[in-house]
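Based on the provided sequences and hints, a complete structural model is requested.
The residues making up each chain are set out below.
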Amino acid sequence: MSGIEAADASGINGAGLIGDANPLRPRNTILKRYCLIAGFASVVLVLTAHVFVFQTDWARTGGLGQMLKTAAWFLPNLGYFPSILLALFETFLIALFGTLIGMVIAIPVAVLAARNVTPAGLASYWAGRVTIVLSRSVHELIFALIFVSALGLGPLPGMLALAVRSVGFLAKTTAEAIENIEIGPVEAIEATGAKRMAVLLFAVLPQVFPIFVGNVIFQFDINIRRAAILGMVGGGGIGLIFAEQIMSLAYDRAGTVVLGVVAMVLLGEYISIRIRSWLL
Amino acid sequence: MAVGEYGITVDDARRDYRRFVNLRRLIKFIALLLFCIFAVWTVWYMNMPLERLSGMFGRIGTMVFNRMMPPDLDYALTGNVFYSILETIEMSFLGTVYGVLLAVPVAWFGAWNVTPSRTICYPLGRAILVLSRAIPPIIWAMILVVILGFGPMAGTITLVLLTLSFAGKLMSEQVEAIDMGPVEAIRATGAGEIKTFVYAVLPQVKAAWIGIIIYNWDSTFRASTILGFVGAGGLGLYIRSTTQLLDYERTMGIILVVIVLVIASEILSHFARQRIR
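Chains as they are written, first to last, in our numbering: chain F, 13 to 292; chain U, 3 to 279.
Hints were generated in silico from the structure; no laboratory data involved.
A couple of the hints might just be wrong.
To be verified - Some chain F residues well away from chain U (every beta-carbon gap over 10 Å; in silico):
| hint | residue |
| --- | --- |
| 1 | L59 |
| 2 | T68 |
| 3 | F93 |
| 4 | N128 |
| 5 | A132 |
| 6 | A206 |
| 7 | Q219 |
| 8 | R237 |
| 9 | V273 |
| 10 | I287 |
| 11 | R288 |
Claimed, not checked - Which residues of chain F face chain U? A partial, calculated answer using Cβ under 10 Å:
| hint | residue |
| --- | --- |
| 12 | F159 |
| 13 | E191 |
| 14 | V269 |
| 15 | V274 |
Unchecked claim - Distance condition first, Cα-Cα at most 27 Å in a straight line; then the derived DSS-like pairs of lysine-lysine:
| hint | chain 1 | residue 1 | chain 2 | residue 2 |
| --- | --- | --- | --- | --- |
| 16 | U | K197 | F | K44 |
| 17 | U | K208 | U | K171 |
| 18 | U | K197 | U | K171 |
| 19 | U | K208 | U | K197 |
| 20 | F | K44 | U | K208 |
Since the model is a prediction, treat every value here as computed from it, not as a measurement.
Using N, Cα and C, we set each Cβ at its ideal position, and we do this for glycine too.
Below, the structure written as structure tokens:
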């Protein structure tokens, strides 16, 4: 296989994009590619027809005019805005402390799940991995349901749900960062006769710290969005108000809440950009 | 007494150094103290019942290991629930496909360096990226359920928006990081905006985009499992109905299926990522 063909097969070569523009590519590869595209397109078409035609009650949905009319119900009612400010502030606090608690839990989990520093071999490695997978694959609403049933309604279960949900991402990225550290400093510190904890503190931590802080800030950004829906299941914050307004068909007020959430998310993004440029 | 190069004694230097170190320590200490006060104030302000935390693990243990066990897998793998699982996969597949199809032009418009027009297309692309990102998927789903009615169509469109916001942003960041040399070379031949994009931009970002799309599939699939909670199709509906009936064994069965599917999709995308490398 020539170099060009190899690059083509890996799909990285720019000429591969145009398909038949490359004279070096054998004909049957082109045919195969067209067959693949046609097969994919027909699957997409069948599924699209299933969802958008057969699974949708078009008599209830109405035409485009009806949809626009319904969407216009959501135009925000600005007079309602002041009364959701406190709930927005609460949501913000839930996101902030949820992220911080998650950060604290994520550090030991990351140490467990990093192959090169895990303390007790395969057992602790898999313990860390399973924690990460569980935290990443269960939605925050389900965590919130569990914590609400254990702690009662309010912002505390919401914070803990966010914390548990954040552990997966933070520990996963940090464990990857720990696995990719340079071994030089570790050997240097070990050569001084340092214990395991000292190696972690003085050789591993300085190398992964910037990555970790960057990911915590990124997670905070995501958690603001997540905190906005926890109220639906009793986890505190703006979600309860939104669900109430939707259920009482006060769509203009629901639109106001959406506007508030957008404002809060943008504010949070601005804050995290500032913190990032200040810290890193 | 030792005198340095600029007539500063070592003692002076040491005093100077100590002064700055002490100031920094003081600032750090004050910041930490303020943060602790803020945390305590938050607990007080939000009426958080911290005393309940001690019994929390016991109660969660009872819930997870008594009431949720054994998970009712029969319920999760037969009849309507099984069909809703297939519907979830279908929704996330369609959401990813259409989301990516829409994200390509939006990423192109929203990248400052190659956008077709900096006065019209750039603000448009940015506005789409920011707005779809600023509203959480569940809230999108609730709004779309009101507008489009119950069913997988609302969920699919929510996932399209999620893909737009997530993959679109990462994809446009990739476009902004490209080497401008090929772009200028293609433009110099007199190529229009579309041809410049196809022949100068796409070849540079293609590999990174495929990685982003695979990563995006993972997050889309995870999000799709909950959309049924608000009636937007998929198995979330059964998570909601079984928890409201306090039928936690069935809930656990569904959650287990979700976990298995998420792990399967992660393994799949891991192999896909290795293949494109």
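Okay, the hints, checked on the actual structure:
1. With 10 Å as the threshold on Cβ separation, the claim that L59 of chain F sits away from chain U is violated: the shortest Cβ distance comes to roughly 5 Å.
2. Against chain U, the non-interface label of T68 of chain F is violated: not every CB pair exceeds 10 Å, the least being about 5 Å.
3. Once the 10 Å rule is applied to beta carbons, F93 of chain F is consistent with being away from chain U; the minimum gap is 16 Å.
4. With a cut of 10 Å on Cβ distances, N128 of chain F stays outside the contact zone with chain U, its closest approach being about 20 Å.
5. Listed as outside the interface, A132 of chain F is consistent with that label: its C-beta sits roughly 23 Å from the nearest C-beta of chain U, beyond the 10 Å cut-off.
6. Every CB of chain U is more than 10 Å from the CB of A206 of chain F (nearest about 24 Å), matching its label as outside the interface.
7. Distance to chain U confirms Q219 of chain F as a non-interface residue, since its nearest Cβ pair spans about 22 Å, more than 10 Å.
8. Residue-level check failed: R237 of chain F sits 4 Å from the nearest beta carbon of chain U, not beyond 10 Å.
9. Its beta-carbon lying about 6 Å from the closest one in chain U, V273 of chain F breaks the requirement of being farther than 10 Å from that chain.
10. With a least beta-carbon separation of about 13 Å from chain U, I287 of chain F lies farther than 10 Å from that chain, consistent with its non-interface assignment.
11. For R288 of chain F, the condition that its CB be more than 10 Å from all CB atoms of chain U holds, with the nearest at approximately 15 Å.
12. A hinted interface residue such as F159 of chain F counts as satisfied when its beta carbon comes closer than 10 Å to some beta carbon of chain U; here the least separation is about 8 Å, so the hint holds.
13. Taking 10 Å as the C-beta cut-off, the interface hint given for E191 of chain F is violated, the closest approach to chain U being about 15 Å.
14. This hint holds: V269 of chain F has a C-beta 8 Å from the nearest C-beta of chain U, less than the 10 Å allowed.
15. Given the 10 Å rule on beta carbons, the hint for V274 of chain F holds: about 4 Å separates it from the nearest Cβ of chain U.
16. This hinted pair checks out: K197 of chain U and K44 of chain F have alpha carbons roughly 26 Å apart, not beyond 27 Å.
17. For a cut-off of 27 Å, the pair hint linking K208 of chain U to K171 of chain U stands: about 15 Å separates their Cα positions.
18. Between K197 of chain U and K171 of chain U the CA atoms are separated by roughly 22 Å; this keeps the pair inside 27 Å, and the hint holds.
19. In summary, the hint linking K208 of chain U to K197 of chain U is supported, as the alpha carbons are separated by about 15 Å, within the 27 Å threshold.
20. In summary, the hint linking K44 of chain F to K208 of chain U is supported, as the alpha carbons are separated by about 20 Å, within the 27 Å threshold.
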